[in-house]
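Sequences and hints are given; from them, build the entire structure.
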Amino acid sequence: RKEVEQDPGPFNVPEGATVAFNCTYSNSASQSFFWYRQDCRKEPKLLMSVYSSGNEDGRFTAQLNRASQYISLLIRDSKLSDSATYLCVVRSGTYKYIFGTGTRLKVLA
Amino acid sequence: EPEVTQTPSHQVTQMGQEVILRCVPISNHLYFYWYRQILGQKVEFLVSFYNNEISEKSEIFDDQFSVERPDGSNFTLKIRSTKLEDSAMYFCASSRQGGNTEAFFGQGTRLTVV
Chain A
1475 RKEVEQDPGP FNVPEGATVA FNCTYSNSAS QSFFWYRQDC RKEPKLLMSV
1525 YSSGNEDGRF TAQLNRASQY ISLLIRDSKL SDSATYLCVV RSGTYKYIFG
1575 TGTRLKVLA
Chain B
411 EPEVTQTPSH QVTQMGQEVI LRCVPISNHL YFYWYRQILG QKVEFLVSFY
461 NNEISEKSEI FDDQFSVERP DGSNFTLKIR STKLEDSAMY FCASSRQGGN
511 TEAFFGQGTR LTVV
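As they're listed, the protein sequences go chains A and B. Going from the first sequence to this note's numbering is simple: count from 1 and add 1474. Going from the second sequence to this note's numbering is simple: count from 1 and add 410.
Any given hint might turn out to be false.
[Unchecked claim] Label pairs and their calculated CB-CB ranges:
id, chain 1, residue 1, chain 2, residue 2, range
1, B, Leu494, A, Leu1520, 39 to 47 Å
2, A, Thr1492, B, Gly482, 44 to 52 Å
3, A, Tyr1544, B, Arg432, 37 to 45 Å
[Said to hold, decoys possible] In silico EDC-like pairs for lysine to aspartate or glutamate, Cα to Cα no more than 16 Å straight-line:
id, chain 1, residue 1, chain 2, residue 2
4, B, Lys488, B, Glu512
5, A, Lys1553, A, Asp1513
6, B, Lys493, B, Glu428
7, A, Lys1580, A, Asp1551
8, B, Lys493, B, Asp472
9, A, Lys1570, B, Glu512
10, A, Lys1519, B, Glu413
11, A, Lys1519, B, Glu512
12, B, Lys452, A, Glu1479
13, B, Lys452, A, Asp1513
Simulated from the structure, these hints should not be mistaken for laboratory data. Just so we're clear, the structure is a prediction, and the values are computed from it rather than from any experiment. Even for Gly, the Cβ is constructed at its ideal location relative to N, Cα and C.
Have a look at this one:
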């Protein structure tokens, strides 16, 4: 089983739609979880950390389910500028962040 | 806003040559990382560095690779004898501490081995 698993997509959605991405991780001892965004040939940029209680930042909501080892990201009211690859990242131990393959999102006008 | 900076942005080298990729992490960060991303593939962990030594490394980080923090600001990745398959985007990252803190990434160095 992969350490961090994501559906690669692509997800093609119209502007204004709500879209959800899921991610599963294999190491039950993992402590920290993040969503990053990556534009084509650019560096990963932190979108948000994922807390046990869930967290929201504007149109973005992240949830963590430790029992199922599952993380989600919900984007409401999609904008054209949201088109990117969304990377699920899990911190393994103290010294390593592990990336999923990423989920490609394309928001269509 | 503080950021991680990497140089050069693009490096072309001949197979068998040595390359050094340079990074300046965020100044109050204590943990440093190198990752690579082959075109069309996922971001892969290479090595982490803390307290002037390697903390963890992946299987990719073999004897051809080394890291160094030669002074208080720079963090370098050296590839001794490059192979075609080393062609990738190399990202440096830093984090303030362990635990729940986020890592911040530089803009990357695109390495092309010909």
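Each hint tested on the structure:
1. Under the hint 39 to 47 Å, the C-beta atoms of Leu494 (chain B) and Leu1520 (chain A), about 32 Å apart, miss the expected range.
2. At roughly 47 Å, the beta-carbon separation of Thr1492 (chain A) and Gly482 (chain B) lies within the given 44 to 52 Å, and the hint holds.
3. With their beta carbons about 39 Å apart, Tyr1544 (chain A) and Arg432 (chain B) fall inside the hinted range of 37 to 45 Å.
4. Between Lys488 (chain B) and Glu512 (chain B) the CA atoms are separated by roughly 25 Å; this puts the pair beyond 16 Å, and the hint is violated.
5. Between Lys1553 (chain A) and Asp1513 (chain A), the direct Cα distance comes to roughly 14 Å. Compliance with the 16 Å bound is thereby established for this hinted pair.
6. Note on Lys493 (chain B) and Glu428 (chain B): the hinted pairing holds, with a Cα-Cα distance of about 10 Å set against a maximum of 16 Å.
7. In summary, the hint linking Lys1580 (chain A) to Asp1551 (chain A) is supported, as the alpha carbons are separated by about 13 Å, within the 16 Å threshold.
8. Annotation: proposed proximity of Lys493 (chain B) to Asp472 (chain B) holds, straight-line Cα distance about 13 Å (limit 16 Å).
9. The hinted pair formed by Lys1570 (chain A) and Glu512 (chain B) meets the criterion: a straight-line CA distance of about 11 Å does not exceed 16 Å.
10. Taking the CA atoms of Lys1519 (chain A) and Glu413 (chain B), the gap is near 11 Å; set against the 16 Å cutoff, the hint holds.
11. Of the pairs offered as hints, the one joining Lys1519 (chain A) and Glu512 (chain B) holds, with about 10 Å between alpha carbons and a cut-off of 16 Å not exceeded.
12. Restraint check for Lys452 (chain B) and Glu1479 (chain A): satisfied, since their Cα atoms lie roughly 11 Å apart, inside the 16 Å limit.
13. Among the hinted pairs, Lys452 (chain B) with Asp1513 (chain A) is consistent with the structure: their alpha-carbon atoms are about 13 Å apart, no more than 16 Å.
Violated hints, in rising order: 1, 4; the structure is consistent with all others.
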